[in-house]
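A.B. asks: Build out the structure end to end from the sequences listed, making use of the hints.
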Amino acid sequence: MALLRVSDLRLYYATVGGVLPAVDEVSLIMEGGEALGVVGESGAGKSSLALALMRTLPRNIALYDGIIEFEGVDCSKLSDEEFRKRIRWQRIAMVFQGAMDSLNPVMRVGHQVAEPLLLQPGVSREQAYAAVQRQLELLLLPPEVFQRYPHELSGGMRQRIMIAMALILSPKLVILDEPTSALDVIIQAQIMNVLKRLKGELGLSILFITHDLALASDLCDAIAVMYAGEIIEQGGVEEVLTEPGHPYTQKLLATVPRLKSEAIPEFIPGAPPDMTHLPQGCRFHPRCPHAFERCRRERPLPFRPNPRHQVRCWLWRGRP
Amino acid sequence: MSLATTLALRGFTLFCVLLVVLLLVVITLGATGFSDRMLQATISEEMRGLRQSLAQTIRDPDQLEQVLHSRHQQLIDYYHLDKPWYFRLPNTVSQVLTLDLGEARTMRSFKGSSRVADIVMERLPNTILLVTTAMLITAVIGLLAGVRLATRAGSRADRVVSFFLASSYALPAWWVGIFLILIFSFKFALFPSGGMYSLPPPQEGMARLLDLLRHAALPIITLVLVSFGVWTYVVRTMVLNTAQEPFVSVARAKGLPEPLVRRRYILRVAAPPILTNLTLGLAGSIGGAILTETVFNWPGMGRLYYDAIMAADESIIIALTFIFTLVYIIARFILEVSYIILDPRIRYV
Amino acid sequence: MRPQEAIRVLLSSGPGKAGIIFFLALAAVSLYAIVAYPLDFGLRFWNNPAIWADNPRNAPPAWSNTFTHLRRVEHTTFRATEPAAVIPGAGVETRLYTFDLDYRFEESPAFTSFSLRHLTYYSRPPLITLSLARPDGREMLLYRHAVRGPDPGESPPVSRYVEAPLRVYLSGDDTVLWNIADFLGREFEMELPLSQLRGMVDEIAFGIPGGDGQGFRVLPGDYTITVAVKVYHPQDSISEVVFVLGGSVYGLMGTDTLGRDLAVGLLFGFPIALFIGLVTALLATTMGTLMGILSGYQGGKTDIFIQRFCDVLGNIPLLPILIFLIFVLGQKLMLVILILAAFGWPGLTILIRSMVLQLRSGQLVEATRALGASPWRIMLRHIFFQIAPFVLAQMIFFTPAAILAEAGLSFLGLGDPSIPTWGQILEFGFRTGAVYAGYWWWVLPPGLLIVLTAMTFVLLTLGMEPVVNPRLRS
Chain R
1 MALLRVSDLR
11 LYYATVGGVL
21 PAVDEVSLIM
31 EGGEALGVVG
41 ESGAGKSSLA
51 LALMRTLPRN
61 IALYDGIIEF
71 EGVDCSKLSD
81 EEFRKRIRWQ
91 RIAMVFQGAM
101 DSLNPVMRVG
111 HQVAEPLLLQ
121 PGVSREQAYA
131 AVQRQLELLL
141 LPPEVFQRYP
151 HELSGGMRQR
161 IMIAMALILS
171 PKLVILDEPT
181 SALDVIIQAQ
191 IMNVLKRLKG
201 ELGLSILFIT
211 HDLALASDLC
221 DAIAVMYAGE
231 IIEQGGVEEV
241 LTEPGHPYTQ
251 KLLATVPRLK
261 SEAIPEFIPG
271 APPDMTHLPQ
281 GCRFHPRCPH
291 AFERCRRERP
301 LPFRPNPRHQ
311 VRCWLWRGRP
Chain G
1001 MSLATTLALR
1011 GFTLFCVLLV
1021 VLLLVVITLG
1031 ATGFSDRMLQ
1041 ATISEEMRGL
1051 RQSLAQTIRD
1061 PDQLEQVLHS
1071 RHQQLIDYYH
1081 LDKPWYFRLP
1091 NTVSQVLTLD
1101 LGEARTMRSF
1111 KGSSRVADIV
1121 MERLPNTILL
1131 VTTAMLITAV
1141 IGLLAGVRLA
1151 TRAGSRADRV
1161 VSFFLASSYA
1171 LPAWWVGIFL
1181 ILIFSFKFAL
1191 FPSGGMYSLP
1201 PPQEGMARLL
1211 DLLRHAALPI
1221 ITLVLVSFGV
1231 WTYVVRTMVL
1241 NTAQEPFVSV
1251 ARAKGLPEPL
1261 VRRRYILRVA
1271 APPILTNLTL
1281 GLAGSIGGAI
1291 LTETVFNWPG
1301 MGRLYYDAIM
1311 AADESIIIAL
1321 TFIFTLVYII
1331 ARFILEVSYI
1341 ILDPRIRYV
Chain U
2001 MRPQEAIRVL
2011 LSSGPGKAGI
2021 IFFLALAAVS
2031 LYAIVAYPLD
2041 FGLRFWNNPA
2051 IWADNPRNAP
2061 PAWSNTFTHL
2071 RRVEHTTFRA
2081 TEPAAVIPGA
2091 GVETRLYTFD
2101 LDYRFEESPA
2111 FTSFSLRHLT
2121 YYSRPPLITL
2131 SLARPDGREM
2141 LLYRHAVRGP
2151 DPGESPPVSR
2161 YVEAPLRVYL
2171 SGDDTVLWNI
2181 ADFLGREFEM
2191 ELPLSQLRGM
2201 VDEIAFGIPG
2211 GDGQGFRVLP
2221 GDYTITVAVK
2231 VYHPQDSISE
2241 VVFVLGGSVY
2251 GLMGTDTLGR
2261 DLAVGLLFGF
2271 PIALFIGLVT
2281 ALLATTMGTL
2291 MGILSGYQGG
2301 KTDIFIQRFC
2311 DVLGNIPLLP
2321 ILIFLIFVLG
2331 QKLMLVILIL
2341 AAFGWPGLTI
2351 LIRSMVLQLR
2361 SGQLVEATRA
2371 LGASPWRIML
2381 RHIFFQIAPF
2391 VLAQMIFFTP
2401 AAILAEAGLS
2411 FLGLGDPSIP
2421 TWGQILEFGF
2431 RTGAVYAGYW
2441 WWVLPPGLLI
2451 VLTAMTFVLL
2461 TLGMEPVVNP
2471 RLRS
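Chains as they are written, first to last, in our numbering: chain R, 1 to 320; chain G, 1001 to 1349; chain U, 2001 to 2474.
Just so you know, not all the hints are guaranteed correct.
As the list claims (entries may be wrong) - So, partial list: chain G residues that the calculated Cβ filter (under 7 Å) puts toward chain R:
#, residue
1, 1246
2, 1249
3, 1250
4, 1252
5, 1253
6, 1254
7, 1255
8, 1265
9, 1268
10, 1269
11, 1344
12, 1345
What the hints assert, rightly or not - Over the 12 Å line for every Cβ pair with chain U, so calculated as not near, a few chain G residues:
#, residue
13, 1044
14, 1051
15, 1056
16, 1057
17, 1061
18, 1070
19, 1071
20, 1075
21, 1094
22, 1110
23, 1122
24, 1214
25, 1243
26, 1261
27, 1263
No lab work stands behind these hints, which were simulated from the structure alone. Built from N, CA and C at the ideal position, the CB exists for glycine as well.
C.D. replies: Shown next as structure tokens:
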């Protein structure tokens, strides 16, 4: 049984400019202990996907449907209250983007980490605090951090606090939304090492959201590439990185600077589409060098070049 | 910076405010010749009394004049009236700072004392009673209504109510008071139009308290009416700003129940900025108290101020200017301390 | 943001629109008041008792009749400069000044008076007669007066009643009493002693006997008051004839305890309130902006000094200091404005400084500085122009505060006596007990106007919010 099965997930926002399909017909499957990297430019809908999975939605929702099956439980059948009590944070936790603003500035961080645990029935304050201390230790944070306020901690420490907070209820799946984007390279490496270790030691499943393909490839077993609210390509790390099927993924790979290569990093021509006025047909076609008539008319279906690889592009039609 | 240093710095600034006000008062009085005239008036008053009492004992007019003259010189010497006003400045400043406020010219305390300190101390509790009660009521209404409004921000009701709240800024306290007197006192005779107790005041405890409440109702309603709008608006805005912070979404994602999120992540975090905004309104409420007491003839310091202006009693006016600043600064300092307690970011910066 | 754009944003919001309409109305009324009355209105009119002598005291507005069970007499002043008709004769002509009065009230007038100004005659002194034509067809002679002849040494043309007009208080004049007694005897065969008639002139003139032989009841209907002047030379002239029907309700806004027409006082309050608010706000924002830019842009010691200074100044409770300074330095309007401005700017300086700090580290300013632009040029072109909409919004925000502060001060009896303001009208009412006597027309309108004016600027501030805070624009 798959840990997480998402099919035809849609999350549309109602904005002043019109309806914005932030997440559109997204389907994916994650196995236990697996790390899936969700990659894309900013505005591609990565964070909205995370919010849709956590069901922490903003007010201006125009549409939210699809099936999210977690450990065989169809979450869409659960009420908000049931979902909050049974799934959120206990089974699926999340590390939010921007650790700077994700902590309550007037509460000691240790207590913030302990909070979800304290809400569990039968957990005493001492037990909870001891658990927090263990988490801090696991994340290589000194114990006195417990008594600190967020503004007294460095960015890297705060991010690790956020991870500790996500892990406090021992969830099966952790969603990490750009956990390292605001940090400098050294801290970034530290955090990545911590994550790798946790994945190995705890058998944690990770949904890793990033705009950095290299970072994703470092940690993940599988990659999903998002563009304009859709997953346009997904598959194992090997498949996606070595044989990118979608012209967008190819372009994205070409933008990554390489240490040992003479090749100059390329830019993807054009700009991401206006999400409230998406082009007809394939959403990437105005920027695509291979676009042909059909791309301008019809939205491509997902094709499978091989069982572990899926591409949403007309170029793959008819191929095995 | 440690907690103590932060507090000390705020305390010092506020002390500077007090000093500046005092200097402003003393220099204005000196430079305009006002203080000379006041001292001369005091001396002639004393001389008149002396002449009357001495006239009984000293029969010889020449001798009387001589004695009076030497006494006059003595007094001028004593008050340093022979020197320009700025030589008297340090003395005056230190006198006022030690709350040695002098004698009133014409006004008396209810018990008949002419010492300014007696007159003021008699009234101070009445003012504090009125203002703190009004402020407490305002705070409760403001917090409840503000939070309620913030949860339905953007709705038509919110827009309309916010608009009316903001416009209550345009209401002068004294006019609202007059309006209430006309309606509830003159037209419907529900409440007395002024004063603190009926005449004669009821002696028995319960009746006395009820009488006080009846008299305090209109002034308190006035103060609440003119200030709760701004309070509510401030609370609403601050709560709304805080509710949009990422850590609130995090708290919800953590699975915390909504009341806890609201209390611990929104209200608690919004408290310091709410407090700051209210600190700024504190000076305004002192003005409101002066005018409201005047309208309702409430025997507090505000009404005393008005009476002193009408009677042109300088020493009381000066003393009250100083006392009002002092009261304001003390209140301000209390708020600053609570701010520091509420917001750890200030505490350790 | 360009000015046209700012105005468009302002107009697109409800409060902004209302604010602009109110403001234009205030400005129009103010303009009218300035044009219609001299600038020394306070001294020449408002505080001059002679002007208001004829008016009833503490009279509610005329329209309050709509709400009372008894229709009370509307105070009316009839004036004529030209005769309505001239009856020619041999060597003599009679000039008739007539006033038509539709008397629909349910009480007698409080008093009646007649006056005549600047009369010149060339031969014999003219003869003046005042009579009343009543709705029951009866004619009543009230008053007859021969103008005094030339004094020894005086030769025609002779002028009379130039300095002080001839003013006859009909209700208390003895010759009127005689005429009334005569009228009663002739028309109703009532013989009443003069002593009993005293004080009943108006009751009788505008009434008929009650039937029970005792009192009189009001006779409603059309009356005509005729002032006939018999002149003996065609060149004789009279500049003005006035008849006053003393009422108990008055005009649009009623009167105060000195009989002053509150409508006029309130009207003159408009330009003053706007003047106080706008000038104070202009001074305070100018100072605040200058200091804020200086503090933020210069940094260093200047910055620290200005910030400390603002911290202290901004913490002084305004009203007590204002009361003290005005008490000692004198009750002058300009002084009030200056003090309000002097204590009002620090808050703005702190705000502007933080904005300037942001702009200063911004790329535009950095680049301009790298290009070698002078600091003054940068402060003006690249900093001031960017914060200008914010400054304007702050100025509008400050205006009602100044208006309310002045009103509060006036209410404490520290207003400028030479310039009547709404606050002072209210203060006079409060001090003379109008509040406790229930003279609502006296105490409510000035307060309402203060609220309305302050409200106008609050509305404008609300409308300006999207201009200042682009996030609110949608």
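A.B. asks: Would you mind marking each hint as holding or not holding in the structure?
C.D. replies: Checked hints:
1. Taking 7 Å as the C-beta cut-off, the interface hint given for residue 1246 of chain G holds, the closest approach to chain R being about 4 Å.
2. Given the 7 Å rule on beta carbons, the hint for residue 1249 of chain G holds: about 6 Å separates it from the nearest Cβ of chain R.
3. Residue-level restraint check for residue 1250 of chain G holds (minimum Cβ-Cβ distance to chain R is 5 Å; threshold 7 Å).
4. Taken as an interface hint, residue 1252 of chain G checks out: its beta carbon lies about 6 Å from the nearest beta carbon of chain R, inside 7 Å.
5. With a least beta-carbon distance of about 5 Å to chain R, the hint placing residue 1253 of chain G at the interface is held under the 7 Å criterion.
6. Here the hint on residue 1254 of chain G is kept, as its CB sits about 5 Å from the closest CB of chain R, short of 7 Å.
7. With a cut of 7 Å, the hint placing residue 1255 of chain G at the interface with chain R holds, because the nearest CB-to-CB distance is about 4 Å.
8. Because the smallest distance between the Cβ of residue 1265 of chain G and any Cβ of chain R comes to about 6 Å, under 7 Å, the interface hint for this residue holds.
9. The restraint placing residue 1268 of chain G at the interface with chain R holds, with a minimum CB-CB distance near 6 Å, inside the 7 Å limit.
10. Taking 7 Å as the C-beta contact cut-off toward chain R, the hint placing residue 1269 of chain G at the interface holds, the least distance being around 6 Å.
11. A hinted interface residue such as residue 1344 of chain G counts as satisfied when its beta carbon comes closer than 7 Å to some beta carbon of chain R; here the least separation is about 4 Å, so the hint holds.
12. At its closest, the beta carbon of residue 1345 of chain G sits 5 Å from a beta carbon of chain R; the interface hint therefore holds under the 7 Å criterion.
13. The Cβ of residue 1044 of chain G sits about 20 Å from the closest Cβ of chain U, beyond the 12 Å cut-off, so the non-interface label holds.
14. The claim that residue 1051 of chain G is not at the interface with chain U holds, since no C-beta of that chain comes within 12 Å of its own (minimum 30 Å).
15. Every C-beta of chain U lies more than 12 Å from that of residue 1056 of chain G, the closest at about 39 Å, which supports listing it as non-interface.
16. Even its closest Cβ contact with chain U, about 40 Å, leaves residue 1057 of chain G beyond 12 Å, as expected for a residue assigned away from the interface.
17. With a cut of 12 Å on Cβ distances, residue 1061 of chain G stays outside the contact zone with chain U, its closest approach being about 39 Å.
18. Taking the minimum C-beta to C-beta distance to chain U, about 33 Å, the non-interface status of residue 1070 of chain G holds against the 12 Å cut.
19. Taking the minimum C-beta to C-beta distance to chain U, about 30 Å, the non-interface status of residue 1071 of chain G holds against the 12 Å cut.
20. Consistency note on residue 1075 of chain G: stated as away from chain U, and its beta-carbon is indeed over 12 Å from all of that chain's, at 24 Å minimum.
21. Taking the minimum C-beta to C-beta distance to chain U, about 20 Å, the non-interface status of residue 1094 of chain G holds against the 12 Å cut.
22. Against the 12 Å criterion, residue 1110 of chain G stays outside the reach of chain U, whose nearest CB is about 22 Å from its own CB.
23. The beta carbon of residue 1122 of chain G is kept farther than 12 Å from every beta carbon of chain U, the shortest such distance being approximately 19 Å.
24. With a minimum CB-CB distance of about 17 Å to chain U, residue 1214 of chain G clears the 12 Å threshold, and the non-interface call stands.
25. Every CB of chain U lies more than 12 Å from the CB of residue 1243 of chain G, the least distance being 15 Å, so the non-interface label holds.
26. No beta-carbon of chain U comes within 12 Å of the beta-carbon of residue 1261 of chain G; the shortest separation is about 24 Å.
27. With a least CB separation of 27 Å from chain U, residue 1263 of chain G remains clear of the 12 Å interface cut-off, as annotated.
Going through the hint list in order, the structure satisfies each hint without exception.
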